[in-house]
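Engineer: Below, each chain spelled out in residue letters.
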Amino acid sequence: MALQPIVTLENVAKAYGTFTALHNINLEIGAGEFVTLLGPSGCGKTTTLRLIGGFETADSGRITLAGADVTQQPPYRRDINTVFQDYALFPHMTVAENVAYGLTVRANRKPPEERARRVREALSLVGLADKADRMPQQLSGGQRQRIAMARALAREPKVLLLDEPLSALDVKLREAMQVELKHLHQKLGITFLMVTHDQQEALVLSNRIAVMKGGHIAQIGSPSELYDRPATPYVADFIGAANLVPATFLGSEGGFARIRLPDGAMLSGVAVGSGEKLREGQAALIAIRPERLRIGESRHGLPLTATVVDQLFHGGRFQLELRFDQVETPVFIDVHRSSVADDGAVPQPGSRVPLSVAAPDVMVYAAEAAA
Amino acid sequence: MKARTRQRLSFWLLFSLPLAWTVLFLILPYLSMGMMSFWTRKFPLFVPDFQFGNYIQLFSDPQYSAVIFRTMKIAALVTAYSVALGYPLAYFLVFTIRSEKLRTLLYMCVVVPLWVSYLLRAYTWKIILGTDGALNSALLWLGIIDQPLDIFLYNQAAMVITLTYIFIPFMVMPIFTALERIPSNLIEASQDLGAGPFETFLRVILPLSTAGIVAGATMTFCLSFGDFVAPVLVGGPSGTMVATVLQSQFGAALNWPLGSALAAIIFALVLVVLQVSSKIDRAGRVSMG
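As you go down the protein sequences, you meet chains A and B in turn.
At position 348 of the first sequence the residue is numbered 348 (this note's numbering), and the sequence of numbers has no breaks.
At position 200 of the second sequence the residue is numbered 200 (this note's numbering), and the sequence of numbers has no breaks.
Extracted from the complex, chain A is given alone in its bound form (with noise of 0.2 Å):
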């Protein structure tokens, strides 16, 4: 990595009881990168952050901060600040005490008038200038939260953990605050690392994602690296919609993967991660981006055939549901209304639709690697 490391994890690991939570993660996250911590529930992306944070005290392993290892740090002592999932607003307090308040806790006093002067920056940077003597209680989720991001990016510090920031949020405000929180990192040009559930904020806002699975980073990136070579079935299939289809392993060919689809039909791909150990024969598992299937006939190769078994209306496009013949999985690939001269044009069900796919748009996996 070419930025200079602000957050380093060494081997960290974390149990609860009997379940492991982390099984030794290795991290490091540049000054002023976005990097969000990205995977279902129970994968250890919030066990991550809260270690980062300071609210966890890790088994083993090593986290350091700008340098200094912060391990056994209790989180107000790090120069890191949280914003809370549900915001943790104090209710007590007004939204200008609140924003105040890493301003006048003990160990970080400001006098009045520098204290003044953050809140009202910190407020304004948020756009709620105006609603610094309302009580949290009275403002909408949104305005709520960024209140928080205000209270946390007041104390200026060198790293801003967001915990699922967006997720209680509805889907047009979400969206609204994506493109906020972006701005915001732009402009501050302080460490963003943000967990979340929702690939698709992921891929908005993060320079880097990093997918995390049963305790395990499985693989992280820049959004594209991962959109499009994915290292594993699970990346695929977690990061955008992917269509994995299982197939036979043939060998490999001018540099791409040779592979047989239960139909008998023949294609090429690229063999990524346990691909590359494929031998011949071998039972494999491939991956294709629903946009990169397209309707029409193959340039190369044995012709790609399916049955449409449904089709869906989504507003701007057609999804259809195909199925290639002795596969029980369904494939999806998308029709956009431009695409087609009118609606009447687009496959009906029980209609068959050749298909085309290019090489390097196909991800060949080893099968067992498919859990």
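Everything labelled a hint here was simulated from the structure, so no lab data went into it.
On a predicted model such as this, the values are computed, not experimentally measured, just so you know.
Ideal placement from N, C-alpha and C gives every residue a C-beta, glycine not left out.
Just so you know, not all the hints are guaranteed correct.
Which chain B residues face chain A? A few, computed with CB under 7 Å, are given here [what the hints assert, rightly or not]:
id	residue
1	L186
2	A189
3	D192
4	L193
5	G194
6	A195
7	G196
8	E199
9	P207
10	Q247
11	S278
12	D281
Chain A is fixed; fit chain B onto it per the hints.
Structural biologist: Just chain B now, with coordinates in the frame of chain A:
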């Protein structure tokens, strides 16, 4: 219109009984108490009258005001000790005990004495503090004293101890509830913003549990203020409380009008306490939503 009549009818059917109960057993007694406080005593009879002689007697005779002030002092001490002992206990139960089972068990230990006869619990302290009681025996056995002491029982300290013991659950329960309702992420947020544990306690936990303290203090104060069993059992002559005096006016002294006037004063005092506590409570109350 018809539906409305029916609605009204069902309303009165439903509420007439509780209403009658309230009027008969609460409002009427208060009214008769208030009226009788203006009567005159013509031994052995009480004559309906409207004069302030009873109140004048209560306010001019230092014996009565002394009892009232002593009662207030004792009730205040009981309240103070209950907070001092009850708050740390509730805090310990909510924040230190990690195991849900153990917490419930310990909480039950606090509440269960309420199921035991009140008289029995007061009497227990007579046994502990008496000349041949547990405390003296222990001190004798330890060799700290060689004669049983009679200084433990029949004084104000004994009363404060007994009343604190009896009423402390009423302090622990509301504080426990208030502390339990504080979301843990508020405590984490405070620490996250740089406040250490003690500062977090002072600025977040304590303000958010004020409602529990006020509720507990109101209850322990009012309950100890009106108590008349503990003074009889462990109070002795120096521990006479207002309820004892009140009781004697209706008993041995046979002066119901004076007793009614005293009751009216106690009633007013308790109302003042309730008013003050609800003011504090409202000022400190915040919704957690």
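Engineer: State the violated hints by number, sorted upward, taking the hints as numbered earlier in the document.
Structural biologist: Violated: hints 10, 11 and 12.
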